[in-house]
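With these hints in hand, go ahead and build the complete structure from the sequences.
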Amino acid sequence: MEHYDLIVIGGGPSGYAGAMRAIDFKKKVLLIEKKRIGGAGVYDGVLTSKTLWEYSLKVSSIREMIPNYSADYEDIAKTVKEAVFERKTQMTVHSNLLQKRHPELFSYEKGLASFLDKHTILIKKEDGTEKIVQATHILIATGSRPRYLSNIPIDENIIMTSDGVKNLTEIPKSIVVLGAGVIGCEFATIFSNMGQTKVYLIDKAERILPFEDDDVATLISESLEKQGATIHHGSSLKRMEIKDGKVEYELLYNNGATEIITVDKALVSVGRVPNIEHLGLDNAGVKLNERGSVWDDDTQTNISNIYVAGDVTTEMALVNVGEREARHAVVRMFGPTIKPLSYQNISTIMFLNPEVASVGMNEQDCNRKGIAHKVVKLDYSTNARAIAMRKTKGFFKIIVTNDNGMRILGMRAVGEHASSAIQAVAYLVHTNQGIRELADMMHPHPSIIEGVQECLRMLLGKSIYKSYIFKDKLKCYVCENNVCTPVESLV
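Residue numbers (the numbering used here): 30 to 520.
One thing to keep in mind: the hints can contain errors.
Stated by the list, open to error - In silico DSSO-like links for lysine-lysine, alpha-carbon gap of 30 Å or less:
#1 Lys139 - Lys160
#2 Lys233 - Lys195
#3 Lys275 - Lys110
#4 Lys117 - Lys195
#5 Lys502 - Lys398
#6 Lys107 - Lys117
#7 Lys64 - Lys110
#8 Lys233 - Lys275
#9 Lys57 - Lys129
#10 Lys227 - Lys420
#11 Lys154 - Lys57
#12 Lys64 - Lys153
#13 Lys500 - Lys422
#14 Lys55 - Lys368
#15 Lys147 - Lys368
#16 Lys500 - Lys406
#17 Lys63 - Lys147
#18 Lys227 - Lys267
#19 Lys129 - Lys154
#20 Lys154 - Lys55
#21 Lys255 - Lys227
#22 Lys504 - Lys422
#23 Lys420 - Lys500
#24 Lys55 - Lys160
#25 Lys202 - Lys87
#26 Lys202 - Lys255
#27 Lys267 - Lys202
#28 Lys233 - Lys255
#29 Lys202 - Lys110
#30 Lys422 - Lys502
#31 Lys63 - Lys153
Read the hints as simulated data drawn from the structure, not as lab findings.
Structure (structure tokens):
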């Protein structure tokens, strides 16, 4: 029976990153993947949806100049396939060459893995053969899949999850999206950007993106509605059925009113569930948490030699988080003692219109935790690069502690190239540094990140535009005990 230092179950972004990190420690690694290296992150998740998003932005820009322009679906599908092919080819070629160059370090098996005990794994292959292997350490990185609802007949063709979008053969004339979280809003954005689809978004809350501040959610809502989308605020789904090849759904609103609408397609986006059913976790003694995911303490399960990373924990279903967790787990196995992972200061991007980038806490978080804070907010219309791009919709917002140190608690950037503006502030948050050095740096001009610099200057009382002059474009306020008071200067 073959023995390894590490067996990684799952060849998606998390598992692949963990396997590669273990090779850095010169450990003998076996990577097991039941389908295709890259997992949902390449084939059904981030890469495909973001390729669609990028394409939809180009279409939206063209339609600003040529209102009657219609995108060709064959070209859309071809673009997505090319992106998937490029990424999966990179990963496959890399792993194949690695096996050839270092067969003593890296091996790959295609098959379904399950525990026989805490050190032993059974691999069932497609041809019906089986193989048993052992390892000192095991990393579970089997990912997640879209959640199905028992009362909705999801067939992945007419009523889809994000996995079924690839089954489309044309741009639908109408679609309803159930779920107003990140994924639901992203797909609503993609289809509305195309300009050929009437989009409906079911939002059981009073506003979309309820985990974000009201100003972020409002701007995204207004943008979707400007693109022709209809948001069913304060509504719950009574039923959704397939009738004559279309989707009929009925809503119940908070005021008691009901409404029945028929559309071509439906997209159900109500969360994800971990892929754990066939792992045989009981055989290894691995326990689950109250959410039905694998329990962990800083990536280590209750069984000391078994670790977990990525969506299977459902801690935070993001590729960058899963990769970081896997690499962290491997260092815990084979490297020096390191401090625990922190999930407080993760940089994220929501691919909406406009895009939203964030790090750290928002105002809701601060108020909920009773943290007194200062806020500066700068409109995109004051930024030279945004003006040059003719993309002035958006804002920068930085939240700091309500003291002279003004330690950054969080930031939100909403607008064109928002993702490029976030990382410098994320570094300050990560290292618990102040704002003065970044404020005094020479930033490139014209650039979106100058908006960050101007926000920091506002905090220090030395901004170019003064908030008491441009009250509609620059805002400063102090919040204590959930009461926010506008001020002309924060110093």
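Status of the hints after comparison with the structure:
1. Of the supplied pair hints, the one linking Lys139 and Lys160 holds, its CA atoms being roughly 11 Å apart against a limit of 30 Å.
2. Distance restraint check for Lys233 and Lys195: the Cα-Cα separation of roughly 27 Å lies within the 30 Å cut-off, and the hinted pair is therefore satisfied.
3. Using a Cα cut-off of 30 Å, the hinted pair Lys275 and Lys110 holds, with the two alpha carbons roughly 27 Å apart.
4. Pair hint Lys117 plus Lys195 holds up; C-alpha atoms about 16 Å apart against a cutoff of 30 Å.
5. As the CA atoms of Lys502 and Lys398 are separated by approximately 28 Å, the hinted pair is consistent with the 30 Å bound.
6. A distance of roughly 15 Å separates the Cα atoms of Lys107 and Lys117; the hinted pair therefore holds under the 30 Å criterion.
7. With a C-alpha separation of about 17 Å, the suggested pair Lys64 and Lys110 falls inside the 30 Å cut-off, and the hint holds.
8. This hinted pair checks out: Lys233 and Lys275 have alpha carbons roughly 23 Å apart, not beyond 30 Å.
9. Restraint check for Lys57 and Lys129: the C-alpha separation of about 14 Å stays at or below 30 Å, so the hint holds.
10. Between Lys227 and Lys420, the direct Cα distance comes to roughly 24 Å. Compliance with the 30 Å bound is thereby established for this hinted pair.
11. Restraint check for Lys154 and Lys57: satisfied, since their Cα atoms lie roughly 21 Å apart, inside the 30 Å limit.
12. Proposed proximity of Lys64 and Lys153 is supported: the alpha carbons are some 12 Å apart, at most 30 Å.
13. Taking the CA atoms of Lys500 and Lys422, the gap is about 17 Å. The hint holds against a cut of 30 Å.
14. Using a Cα cut-off of 30 Å, the hinted pair Lys55 and Lys368 holds, with the two alpha carbons roughly 22 Å apart.
15. For the suggested pair Lys147 and Lys368, the alpha carbons sit about 26 Å apart, so the restraint of at most 30 Å is met.
16. Distance hint between Lys500 and Lys406 is fulfilled; the C-alpha atoms sit about 10 Å from each other, no more than 30 Å.
17. Restraint check for Lys63 and Lys147: satisfied, since their Cα atoms lie roughly 20 Å apart, inside the 30 Å limit.
18. At roughly 21 Å between alpha-carbon atoms, Lys227 and Lys267 fall within 30 Å of each other, so this suggested pair holds.
19. Between Lys129 and Lys154 the alpha-carbon distance is near 22 Å, which keeps this suggested pair within the 30 Å criterion.
20. For the hint linking Lys154 to Lys55, the alpha-carbon distance of about 28 Å falls within 30 Å, and the restraint holds.
21. This hinted pair checks out: Lys255 and Lys227 have alpha carbons roughly 12 Å apart, not beyond 30 Å.
22. Taken as a hint, the Lys504 and Lys422 pair is honoured in the structure, with Cα atoms around 16 Å apart against an allowance of 30 Å.
23. For the hint pairing Lys420 with Lys500, the CA-to-CA distance comes to about 21 Å; that is within 30 Å, so the pair holds.
24. Restraint check for Lys55 and Lys160: satisfied, since their Cα atoms lie roughly 24 Å apart, inside the 30 Å limit.
25. With a CA separation close to 19 Å, the supplied pair Lys202 and Lys87 stays within the 30 Å bound.
26. In summary, the hint linking Lys202 to Lys255 is supported, as the alpha carbons are separated by about 17 Å, within the 30 Å threshold.
27. With a C-alpha separation of about 23 Å, the suggested pair Lys267 and Lys202 falls inside the 30 Å cut-off, and the hint holds.
28. Proposed proximity of Lys233 and Lys255 is supported: the alpha carbons are some 21 Å apart, at most 30 Å.
29. Pair hint Lys202 plus Lys110 holds up; C-alpha atoms about 23 Å apart against a cutoff of 30 Å.
30. Proposed proximity of Lys422 and Lys502 is supported: the alpha carbons are some 11 Å apart, at most 30 Å.
31. At most 30 Å may separate the alpha-carbon atoms for a hinted pair to count; Lys63 and Lys153 meet this at roughly 9 Å.
In this structure, none of the earlier numbered hints is contradicted; all agree with it.
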